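Protein chains in written order, with my numbering: chain H, 1014 to 1655; chain R, 43 to 357.
No wet-lab data here; the hints were simulated from the structure. Keep in mind that this is a model prediction, so the values were computed, not measured. For glycine and all other residues, C-beta sits at the position ideal for the given N, C-alpha and C. Careful: at least some of the hints might be erroneous.
[To be verified] Calculated lysine-lysine pairs in the BS3-like style (CA-CA distance at most 25 Å, straight line):
(1) R:K254 to R:K273
(2) H:K1344 to R:K165
(3) R:K254 to R:K165
(4) R:K49 to R:K165
(5) R:K273 to H:K1344
(6) R:K277 to R:K254
[Stated by the list, open to error] Which residues of chain R face chain H? A few of them, derived with a C-beta cut under 8 Å, are:
(7) I64
(8) F66
(9) A262
(10) P266
(11) V299
(12) P353
[To be verified] A few chain R positions that, by computed beta-carbon distances, are all more than 10 Å from chain H:
(13) L48
(14) I68
(15) L99
(16) Y123
(17) L134
(18) E250
(19) M272
(20) Q327
Each chain, letter by letter, is given below.
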Amino acid sequence: MSTSSKLRRFFYNRLATVGLIIVLLVIAVSAMAPILPLADPNATDLDLRMLPPGSEGRPLGADELGRDMLSRLIWGLRVSLAVGISATVIAAVLGSLIGIFSAFYGGVLDNTLMRGVDMLMAFPYMLLALSIVAVLGPGLFNALIAISIVNIPFFARNVRGATVGLVRLEYVDAARLSGKSDMQILFGELLPNVLPVIFITISTTVGWMILETAGLSFLGLGAQPPTADLGSMLGEGRKSILTAPHVATLPGVVILVLVIGINLLGDGLRDVLDPYLRSGALVSPRPATDVDDQLRRRLDRPQNVAAPDASTASTRPSLEVDQLQTWFWQKRGRRSSAVRAADGVSFQVERGTALGIMGESGSGKSVTALSILGLVPTPPGRIMNGSIRYYGEELIGARIERLRHYRGNRIAYIFQNPMTSLNPLISVGEQIAESVRYHQSVGRGAARARALELMHKVQIPDAEARLDSFPHELSGGMRQRIGIAVALANDPDVIIADEPTTALDVTIQAQILKLLDSLRQSEGVALVFISHDFGVISEICDRVVVMYAGQVVESGTVDEIYRRPLHPYTRRLMECVPRLGERARTLEAIPGLPPALDDLPHGCRFADRCDVVMDECRVAPVSLRAVENREARCIRVEGQDV
Amino acid sequence: MYRYILKRLILVIPVLLGISVIVFLIMAMLPGDAAQAILGSFATPENLARVRSDLGLDEPLVTRYVIWLGNMLQGDFGRSYTLQRPVLDEVLDRLGPTLLLAGTSLVLASIMGMLAGIIAAMKQFGWQDALFTFIVLIGISTPSFWLGLMFVLLFSLNLGWFPVSGMTAVIGGGGVFDVLRHLALPAVTLAVVATGVIARLTRSTMLEVLRKDFVRSARAKGLPERTVIMKHAYKNALVNIIPVLGIQAGFVIGGAVYIETVFQWPGIGRMLVNAILTRDVLLVQGGVVVVAAIYVLINLTADVFQHFLDPRISV
């Protein structure tokens, strides 16, 4: 990210700007204290003792010795600021040096220094400062030293952490080979790269250091008369708190404003410098995917609500997805643009059948699957258009209670990674049982018995013993069986399996597929099976939908598609499928990359990677064409638009 | 579980030793020595020599450390020059009120901070989150000693709801109600900063956990949002929050130094400040060692809780 865009980001953050203004103002006022038309901060005038604020010539009143409060505040602020900044600089320099040397030289030096730092951090922070002041004696300079020392560990740790990562990188070796000395590498190569970390640490500690030095002065351990900082003014003002409350109140207000300014500025700085915060890692998804307002209004109109009709329910498809558009809205500066993750996807599944959805990663298959019960994270996801019907009942825009009624009950998911999709802190038995309990309102005992039954059903050996196991105690295959048991908890009509076997090895994969297949046959479940692997899909599915760049590019029966793919993309995929007697069933890369979903080409989305592309392909969007009982999105295919 | 606690207890020993070394070194190595500190800069050489040999300052550093440590292990922390009584007696007398104050504050801060953090995470980008950001900012930017004074000014002096000072003993004083009346203002004041820090951490940890796959799994089961948040997300967040609660305990104990001064609370913090002002080095040393040891034990407890919550963590 360039410097100017960093600055722009910084100013978008309005609070940080407020912080910056406060801090600049405070620095300007303290710097100009000698030339401002202020009364002598130390001139006492017993006639003016404890004058309240608002008096003539003394806008903020006077203290217990009749000294001008405004002048004293500004001069005190100057001292507090100087001490706080000095303490920060000392701690930052020493701590960073310790950190950078420790990381660079490693070994015994690193061990010794870091153990020392750990020990210092094993102290309550304030007590360490007090011990140092105890030995050095009270005084502003000693307080400054104490506060610096206790803050060194924070810098040492953070800087070491950042440097250790860099030291292993190749450019350090390259610098060494080019004959640079250790010092040149340390300060020329490493230091500039850890500067952001140092600034982040400063931004989190400087406000704290100002508060702490003021605190020591308040206790009488810092600034000694006649020197006064805000803390010692507060401490002295405390004696006359009842008769002249402004004397103690005002210095505190100034500290508060200053530290608020610093913290606002620091937060803004971290937003800009910290890659973790920048990545948007701290945005949490809502309970259900947002539905576009216009779409919601359209769906709310009564004539569009297809009431589930008992007479036709059995003949309807279990699940129909029609022209589904789920987009991710991303913000760039002040503009937002849409990533069209699912862009007009349609398919349907009947009872007891299995539909495969196939495509590369990023083709929109998972987003399509998650849209069905509103599990696409919002922000950034939003359903923009389309219809999803479960036995005729519209699910898009349904109330969250309604979605919850279906989730895990009538429609269940099996997720890709059994490692991360089970809660690590809850026993697997409970993770199955809670779903039963919630949907069937049965007691704990009954739910647990049901969980055990399900674990038997998914062929977990020694299920009784594993009921109370935690996910990390089970193998990957076992975990995925638990994931399937969770999905089966309430005998769903539809199971959506999102790459359920990708994380597993081949034997386990075959077992899991067999299990799913038998469920489809014995329980009449409608199965939506998502995979990038045609081999896997062909084992279990009847029909298959091929997706590319958010769209369906071809659909048909597994057999037809295997024998005679219509779309060039499908053909390329099929070339990767091994024929009898061949090895390697994994999807080989097709040259080129899918188009960026926030900047799609006007014409065919596959054009840039297609080996039979023509000029006409790029002219206009290509629609799906029906050929016999299959569909393909290619202008070379003769057929009727759907 | 017991094995874990035992292992952790054994690991505590080197930490305690390290702390004792640091305290010893700070007291021994910085300019001026204890005798000078006790007698002041106008002490005669004879008096200095006498006090030095009293304190064993003539011996080599290592010998002095071993003797000092040995004495401490036998409960001999030396005598306070200003109070004319054994350091340990004074420290133990002062410990109760400090632990009561700091403990109450930490519990208050944990409850309020975690609640606020969870609500803010759930209502991200809503007005609750904005209000939260504002309150946390004030919380972590406020000088607690000033806030304490303001509370005294408002609630004690103007409204007369709480006593200004006068807390005596935790047990055998004016009874539970009296203790609570004295405790309310200082405990709330002391809790403010820690609440801000805990709330902020809870919010960001919750936001992070809410993005995890298992939260999606919980939602895919159709569990009510309350269950998703409290049972699935919060429990995982707590694993990361607990160690920070342990660290906050240290900040709360440190902050107690100010609060005890403002509210005239008869705890260790005030004792330390007075001891520093009167250069009673042994009293400072004793107080610091005992409080630091307690802090280590608090963090040990936090570790054990964390282990209890998360079966994956081992020593």
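How the hints compare with the structure:
In summary, the hint linking R:K254 to R:K273 is supported, as the alpha carbons are separated by about 14 Å, within the 25 Å threshold. Taking the CA atoms of H:K1344 and R:K165, the gap is about 20 Å. The hint holds against a cut of 25 Å. Our distance criterion of 25 Å between C-alpha atoms is met by R:K254 and R:K165, whose separation comes to about 17 Å. Proximity of R:K49 to R:K165 is assessed by CA-CA distance (about 41 Å); at most 25 Å being required, the pair is judged violated.
Between R:K273 and H:K1344 the alpha-carbon distance is near 32 Å, which puts this suggested pair outside the 25 Å criterion. Taking the CA atoms of R:K277 and R:K254, the gap is near 13 Å; set against the 25 Å cutoff, the hint holds. Because the closest C-beta pair between R:I64 and chain H is about 6 Å apart, less than 8 Å, the hint holds. Among the interface hints, the one on R:F66 is violated; its C-beta lies about 11 Å from the nearest C-beta in chain H, farther than the 8 Å criterion.
For R:A262, the suggested interface contact is upheld, since its CB lies about 4 Å from the closest CB of chain H, less than 8 Å. With a cut of 8 Å, the hint placing R:P266 at the interface with chain H holds, because the nearest CB-to-CB distance is about 7 Å. Hint status for R:V299 relative to chain H: holds, with the closest Cβ pair at about 6 Å, below 8 Å. Hint status for R:P353: holds, given a least beta-carbon distance of 5 Å to chain H, under 8 Å.
At roughly 20 Å from the closest C-beta of chain H, the C-beta of R:L48 stays outside 10 Å, upholding its exclusion from the interface. Taking the minimum C-beta to C-beta distance to chain H, about 5 Å, the non-interface status of R:I68 is violated against the 10 Å cut. Listed as a non-interface residue, R:L99 keeps its Cβ farther than 10 Å from every Cβ of chain H; the least gap is roughly 14 Å. Residue-level check passed: R:Y123 sits 13 Å from the nearest beta carbon of chain H, beyond 10 Å.
Distance to chain H confirms R:L134 as a non-interface residue, since its nearest Cβ pair spans about 17 Å, more than 10 Å. With a closest Cβ-Cβ approach of about 7 Å to chain H, R:E250 is found to fall inside the 10 Å limit, against its non-interface label. At roughly 12 Å, the least C-beta separation between R:M272 and chain H is larger than 10 Å, which holds for a residue marked as non-interface. At roughly 8 Å, the least C-beta separation between R:Q327 and chain H is not larger than 10 Å, which violates its mark as non-interface.
Going down the numbered hints, you'll see the structure goes against 4, 5, 8, 14, 18 and 20, while the others check out.
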